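Positions 1 to 281 (this note's numbering) are the ones given, in order, by the sequence shown.
These are computed hints drawn from the structure, not numbers from a lab.
Since the structure is predicted, the reported quantities are computational estimates derived from the model, not experimental observations.
Do not take every clue at face value.
[Unchecked claim] Straight-line Cα separation of at most 30 angstroms, DSS-like style, residue types lysine-lysine; simulated pairs:
id: 1; residue 1: K212; residue 2: K10
id: 2; residue 1: K273; residue 2: K41
id: 3; residue 1: K232; residue 2: K273
id: 4; residue 1: K14; residue 2: K111
id: 5; residue 1: K212; residue 2: K14
id: 6; residue 1: K273; residue 2: K212
id: 7; residue 1: K277; residue 2: K10
id: 8; residue 1: K178; residue 2: K111
id: 9; residue 1: K14; residue 2: K277
id: 10; residue 1: K10; residue 2: K275
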Amino acid sequence: MAELSMQDHKRPFKDYAARNFRWECSDDGRVATITLNRPEKKNPLTFDSYAELRDLFRDLAYANDVRAVVIQGAGGNFCSGGDVFEIIEPLTKMSMPELLAFTRMTGDLVKAMRRAPQPIIAAIDGICAGAGAMVALASDFRLGTAEAKTAYLFTRVGLAGADMGACGLLPRVVGQGKATDLLMTGRAMGADEALACGFFSAVHAPAELLGKAQALAQTLADGPWFAHTMTKTMLNQEWAMGIEEMIESEAQAQAICMVTGDFTRAFEAFAAKQKPKFEGC
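Could you build the full structure based on these sequences and the hints that come with them?
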């Protein structure tokens, strides 16, 4: 019998057939680009696109090719949130159990994005609102344009700003005061403000945005990928830890990384004055 390895339980995602958005991969399969593709409505989410995105990000834990993901919107906008007539209107007619199933599903998308081992880069142009702003927030990096406007609109429709993890995630990115402002007023945050408070990592011209996001994704994918996944895991795990638990968790994480071939290859390349080649193992 042939010897099995854990890699045998993984599969390629380069040819994934998306149903509710566009899915494209780089030639080497390492960088995937998701395009929310309903530009005539500023790329709103539907019940089906929520569910497919949730399932896809869950399944990417088993990818043996994709190492970084870019998510963007078509037509000069990122995402306007939940579709008014395909989500908002039906919600006004649902029972409490149905509503709870929906709000848990939307939260499951955020959890799936945070748990996915791949770094996720949101390329944000134009409108980034409501649930779209939460998809951006759940990403690991956010690149924007001068035209980008980000708004957490939940209170504008009589809902709490506490949606899809917003009250936990947003203060960790922009600070408690800024998060309170954005979540309670529902106002739009422009690109300069987003860059100044750390929501955006960088701002680029619209024509350059996708290329910059994919270049960053490729750099991450070609780098110490296993170490990147460990870093993302630690960033998630350490939110609720005290200093003792933090230091011990990072000691274990670093020791794990030290037994990978990447660590040895990086040292040998440095000693030989060469560029290291990372293989993620």
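Hints, verified against the model:
no.	hint	in the structure
1	K212 x K10	29 angstroms, holds
2	K273 x K41	52 angstroms, violated
3	K232 x K273	29 angstroms, holds
4	K14 x K111	23 angstroms, holds
5	K212 x K14	21 angstroms, holds
6	K273 x K212	28 angstroms, holds
7	K277 x K10	22 angstroms, holds
8	K178 x K111	23 angstroms, holds
9	K14 x K277	22 angstroms, holds
10	K10 x K275	29 angstroms, holds
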